[in-house]
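For the sequence shown, UniProt numbering assigns the number 1 to the initial residue and increments by one for each residue that follows.
Keep in mind the hints are simulated off the structure, nothing from the lab.
Accuracy of the hints is not assured; some may be wrong.
[Stated by the list, open to error] Lysine-lysine pairs mimicking PhoX-like chemistry, simulated, CA-CA at most 20 Å apart:
(1) Lys322 x Lys298
(2) Lys55 x Lys274
(3) Lys180 x Lys105
(4) Lys298 x Lys3
(5) Lys242 x Lys219
(6) Lys303 x Lys277
(7) Lys90 x Lys65
(8) Lys180 x Lys212
(9) Lys322 x Lys292
(10) Lys192 x Lys3
(11) Lys55 x Lys3
(12) Lys246 x Lys212
(13) Lys292 x Lys246
(14) Lys292 x Lys303
(15) Lys192 x Lys219
(16) Lys322 x Lys303
(17) Lys212 x Lys192
(18) Lys274 x Lys322
(19) Lys106 x Lys180
[Claimed, not checked] Per label pair, the in silico range of CB-to-CB distance:
(20) Lys292 x Asp318: 16 to 24 Å
(21) Asp318 x Trp273: 16 to 24 Å
(22) Arg265 x Ala325: 14 to 22 Å
Where a beta carbon is used, it is the ideal one built from N, C-alpha and C, also for glycine.
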Amino acid sequence: MAKIGNIDVGEFPLLLAPMEDVSDPPFRALCKEQGADVVYTEFISSEGLIRDAAKSVMKLDIYEKERPVGIQIFGANLESMLQSVEIVEKSNPDIIDINFGCPVKKVVSKGAGAGILKDIPLMVSLTEAMVKHTNLPVTVKTRLGWDTDSIKIVEVAERLQDVGAAAISIHGRTRVQMYKGEANWAPISEVKNNPRMHIPVFGNGDVDTPEKAMEMRDKFGLDGAMIGRASIGYPWFFREVKHYFKTGEHLDPPTMEERLDAARRHLQMAIDWKGEKLGVFETRRHYTNYFKGIPHFKEYRQKMVTSDDAADVFAAFDEVEKEFAGYQFV
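Assemble the whole structure, with the sequences as input and the hints as a guide.
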């Protein structure tokens, strides 16, 4: 059984990765229903929090049905990060996660996210200070290194553990790789197999089939899998992995009825949480996967992803229900 601090997260837990404009409360709720063991918020700027920026503060919304839930923050300024910890604590999350892995230029250019991989001592000192500043378990999400010539993740993970990190999630790419090429899980396995490591080591990157999740568990020996892109528009991925672990067989894909129900609920929850304009816009990225594989679907997808009016999107769902009732996904 893996534990994050005193939180029992089960045997080989599946974690929903923190993804900007994806891992919001509506989507987290759907993933939790489908078997996600731990969910994380979108990453939140520490500078945005201390400035009381509306978008950053809104991301602090968490709900009882999500637990255990982690709030992820990023930044490179010690004072700002410590102030943000105090703000985050008021939302009463189960976990505080530090983002040391985001490869996006606007984050990296400020020395935050994966940018801190160029300054490992700062990475360690920030983690240590945050651990000392809160009673909540502090976890870290990071990458293998800045580039292939600077991969020291075994040493880095050990140092983070030694200053109090309660768990570490590692994406199997460097910052320079961004999301290109294949994730390399071998260095993550080296972290786990380091005899000095005793905190959970979770793998991230390219877990897009139940077989890969099993490989991460059985071949690489990791403590859990953090799921990102495979879950976008497909919260059922979590239940499919768990079914495969139990039976060795693939679960039948969700029916058209299940997909339409999820899409409708997702959109309505998004509207309720962030308003119609933003709710409609930010839910669009999910529709391709909600209805993936249906032939002659372009017309309906276009309606879903181009309309700014929620009523039009719901009407498109109704059209799909009439046109493709009983469609069999394979």
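Hint check:
Taken as a hint, the Lys322 and Lys298 pair is honoured in the structure, with Cα atoms around 16 Å apart against an allowance of 20 Å. Under the criterion of a C-alpha separation no larger than 20 Å, the hint pairing Lys55 with Lys274 is consistent with the structure, at around 10 Å. Restraint check: the Cα-Cα separation between Lys180 and Lys105 comes to about 15 Å, which is no more than 20 Å; the hinted pair holds. Annotation: proposed proximity of Lys298 to Lys3 is violated, straight-line Cα distance about 45 Å (limit 20 Å).
In summary, the hint linking Lys242 to Lys219 is supported, as the alpha carbons are separated by about 17 Å, within the 20 Å threshold. Taken as a hint, the Lys303 and Lys277 pair is honoured in the structure, with Cα atoms around 15 Å apart against an allowance of 20 Å. Proposed proximity of Lys90 and Lys65 is supported: the alpha carbons are some 18 Å apart, at most 20 Å. Only pairs whose Cα atoms come within 20 Å are accepted, and Lys180 paired with Lys212 is accepted, the gap being roughly 18 Å.
For the hint pairing Lys322 with Lys292, the CA-to-CA distance comes to about 17 Å; that is within 20 Å, so the pair holds. Simply put, Lys192 and Lys3 have alpha-carbon atoms about 15 Å apart, close enough for the 20 Å limit, and the pair holds. For the given pair, Lys55 sits about 31 Å from Lys3 by alpha-carbon distance, which is inconsistent with the 20 Å threshold. As the CA atoms of Lys246 and Lys212 are separated by approximately 15 Å, the hinted pair is consistent with the 20 Å bound.
With a C-alpha separation of about 26 Å, the suggested pairing of Lys292 with Lys246 is violated against the 20 Å cut-off. Taking the CA atoms of Lys292 and Lys303, the gap is about 15 Å. The hint holds against a cut of 20 Å. Restraint check: the Cα-Cα separation between Lys192 and Lys219 comes to about 12 Å, which is no more than 20 Å; the hinted pair holds. For the given pair, Lys322 sits about 15 Å from Lys303 by alpha-carbon distance, which is consistent with the 20 Å threshold.
A hinted pair counts as satisfied when its Cα atoms are at most 20 Å apart, and Lys212 with Lys192 qualifies at roughly 17 Å. Restraint check for Lys274 and Lys322: not satisfied, since their Cα atoms lie roughly 29 Å apart, outside the 20 Å limit. Restraint check: the Cα-Cα separation between Lys106 and Lys180 comes to about 19 Å, which is no more than 20 Å; the hinted pair holds. A hinted range of 16 to 24 Å for the beta carbons of Lys292 and Asp318 is consistent with their spacing of about 20 Å.
Between Asp318 and Trp273 the beta carbon distance is about 23 Å. The supplied range of 16 to 24 Å therefore holds. Separation of Arg265 from Ala325 is about 19 Å and conforms to the stated range, judged on CB atoms against 14 to 22 Å.
Of the numbered hints listed earlier, those contradicted by the structure are 4, 11, 13 and 18.
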